[in-house]
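The lines below spell out each chain.
4 protein chains.
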Amino acid sequence: MAGPYRIVGIAGSLRAKSFNRALLEHARKSAPATLAIEIHDLAGVPLFDQDVEAKGYPDAVAKLQAAVGAADGVLIATPEYNSGIPGVLKNALDWMSRPPGKSTSAGKPVAVMGTSPGMGGTLRVQVVMRPVLAGMGMAQMVGADVAVPSATTAFDAEGNLVDERARAAVAKSLDAFAAWIGRLKSV
Amino acid sequence: MAGPYRIVGIAGSLRAKSFNRALLEHARKSAPATLAIEIHDLAGVPLFDQDVEAKGYPDAVAKLQAAVGAADGVLIATPEYNSGIPGVLKNALDWMSRPPGKSTSAGKPVAVMGTSPGMGGTLRVQVVMRPVLAGMGMAQMVGADVAVPSATTAFDAEGNLVDERARAAVAKSLDAFAAWIGRLKSV
Amino acid sequence: MAGPYRIVGIAGSLRAKSFNRALLEHARKSAPATLAIEIHDLAGVPLFDQDVEAKGYPDAVAKLQAAVGAADGVLIATPEYNSGIPGVLKNALDWMSRPPGKSTSAGKPVAVMGTSPGMGGTLRVQVVMRPVLAGMGMAQMVGADVAVPSATTAFDAEGNLVDERARAAVAKSLDAFAAWIGRLKSV
Amino acid sequence: MAGPYRIVGIAGSLRAKSFNRALLEHARKSAPATLAIEIHDLAGVPLFDQDVEAKGYPDAVAKLQAAVGAADGVLIATPEYNSGIPGVLKNALDWMSRPPGKSTSAGKPVAVMGTSPGMGGTLRVQVVMRPVLAGMGMAQMVGADVAVPSATTAFDAEGNLVDERARAAVAKSLDAFAAWIGRLKSV
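Protein chains in written order, with our numbering: chain A, -6 to 180; chain B, -6 to 180; chain C, -6 to 180; chain D, -6 to 180.
Derived by calculation from the structure, the hints in this document are not laboratory data. From a predicted model like this one, the values you see are computed outputs, not experimental measurements. Mixed in with the good hints, there may be bad ones.
Identical chains share a label here; the pair holds if one copy fits it or two copies do between them.
Using 20 angstroms as the maximum straight-line C-alpha spacing, the simulated PhoX-like pairs for lysine-lysine come out as follows [unchecked claim]: (1) Lys22 to Lys178; (2) Lys165 to Lys95; (3) Lys48 to Lys165; (4) Lys56 to Lys165; (5) Lys178 to Lys48; (6) Lys178 to Lys10; (7) Lys56 to Lys178; (8) Lys10 to Lys56; (9) Lys22 to Lys48; (10) Lys10 to Lys48; (11) Lys95 to Lys10; (12) Lys22 to Lys165.
Build the full structure now, drawing on both the sequences and the hints.
Set out below in structure tokens:
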């Protein structure tokens, strides 16, 4: 292997002190040598509109699509809104799936994490993400997803993930993600 | 009954010539005497951000929330993106679900329609909408949803719904929606 | 009101010491005066087969269909298998949805509960149940579903629900279910 | 490559003249040289019961688990019942996922097909299958699933798939499945 796999990290919340952004930041900082995670901010990505698309992809969209295209995998950390995918994240995924048949995301390995203040830790949205990522043609890792409940105590005031069980789950998941990417790339 | 039920119509696409906007427009024009449908445009509703929310709801959001609150029911016509809810629509639903415990959408009757160029006619997104609308506490009509396939031929060049089978399905669905609202309001 | 609403309770597991059967039993024993819950055992309901159906509904199926038809509502307590509905329960729902257009379950109020040893407490299956119950034309209660995590400590050795938070959630949910049935019956 | 990949085919319906069994049979007969499909009948697989499991897997279950273990991939053809997975199929999947952590299905490549008399062709159940197969740890193919609408005309009276578009979709899907298995096996 010539170096670590390059991973684009995407947080499904725009809030500055978002727990999911903090979870992604923890993943970035604690990543194993096999992964180099770079967080891509969704701020500036406009609402999807085919009339806009017809005139050319807005800068923030083109950058997102290019970042995914240059990466070996995509790591998503997302909250759960109304048992589903936040509109902010789904909107980014809608742009990422374009243009049809020629998107940079099709075939790309992807893993999902999430955290929420409640007991479920985003279990529901992780169910809902499955057919969407499949619809985009992405190659989903299974068996090592991370759902961190009780976010208000799992992170400290500075946004560090301090819950040991959650830290272990993230570590295990990142190793599994590197293995998944390796498995798909070995052809 | 003192008059027709007031319905807020929401299209899940921002495109000017959106088939789903045309479907909603057909519903508006062809509505039975029991329903008065007014279409609420999502243009201007920003991406959800709790930091923004903390400073007060943006105008377009406050108007959407108020329109839902003043209505007897919500009618959604939505395309299907990547087997799921368009980010544009989910983003509007996320705002509509706020603030937690005091939203104007909780308990409100809701019906879903959709059309797509393909054979499914948005069947998949209608499955995905169920838990989201339930998570918002909305009272979903069942048994008379509308999924119009082959949108490019179901509508004429001016955006009129010309497919007879689809027109009949919309008519039946609107009658069922009026009955559903009546059933829930009769207490 | 002439008496309590009659509720058919269905557990999604055949295991004798099933936590979900225990949860349903707790609901039965602790039901408010507005509800009379009778548990209907799924043992004996065969696997769905249209060739069998063509010869007439097996006894256990006919009894299930009749019990639902005679009830004012259906209360389901279900575990979560592989993020989805247990085959045992889905099989019973498949029979309950028959014959098409003339089932006893269409239009019937329904509420869902669940418990699991893990942290999610069946949150995922409750998401997955939404479109299925909608597909059956059932009138789902929203906003007061019950998901009890950590089943091994929430129940004592005799199968009594001892977790106070869970007991309160069940009590609130049963009251909400009586109100939901009343709302739909008031026409 | 030492020979064709061995595929276990599973039909989600017990009906003798099931369209999905016919679809699977068409896949078997028309399989490319890279795939050898053997159909495994679900008849005899009992309803899942942990009390039964505790005494040992029933013969039909042990055979199903062994067949999956010996195969290079699993091909499922399923109808859609109430927008969801048939109980018969979900019940088989529940057994296939056992015992926890040591199932023969975890990690196994899987592809899904389906046909229905209606216009959707099982699009909805294919959405619902995603999180279930992921929950089982199976490696789902994406991008080449098959949904055949209008089953009553897509097949002739002898159960042969005669719709050309559907035949082409099956052929493309089987090639993609062989490629997917090869990609995962190449490590």
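Results for each hint:
no.	hint	verdict
1	Lys22 to Lys178	neither (24 angstroms within a copy, 32 angstroms between copies)
2	Lys165 to Lys95	between (33 angstroms within a copy, 19 angstroms between copies)
3	Lys48 to Lys165	neither (43 angstroms within a copy, 34 angstroms between copies)
4	Lys56 to Lys165	neither (30 angstroms within a copy, 33 angstroms between copies)
5	Lys178 to Lys48	neither (35 angstroms within a copy, 43 angstroms between copies)
6	Lys178 to Lys10	neither (35 angstroms within a copy, 42 angstroms between copies)
7	Lys56 to Lys178	neither (24 angstroms within a copy, 34 angstroms between copies)
8	Lys10 to Lys56	neither (23 angstroms within a copy, 27 angstroms between copies)
9	Lys22 to Lys48	neither (38 angstroms within a copy, 32 angstroms between copies)
10	Lys10 to Lys48	between (34 angstroms within a copy, 15 angstroms between copies)
11	Lys95 to Lys10	neither (35 angstroms within a copy, 24 angstroms between copies)
12	Lys22 to Lys165	within (14 angstroms within a copy, 43 angstroms between copies)
In summary, the numbered hints that this structure violates are 1, 3, 4, 5, 6, 7, 8, 9 and 11.
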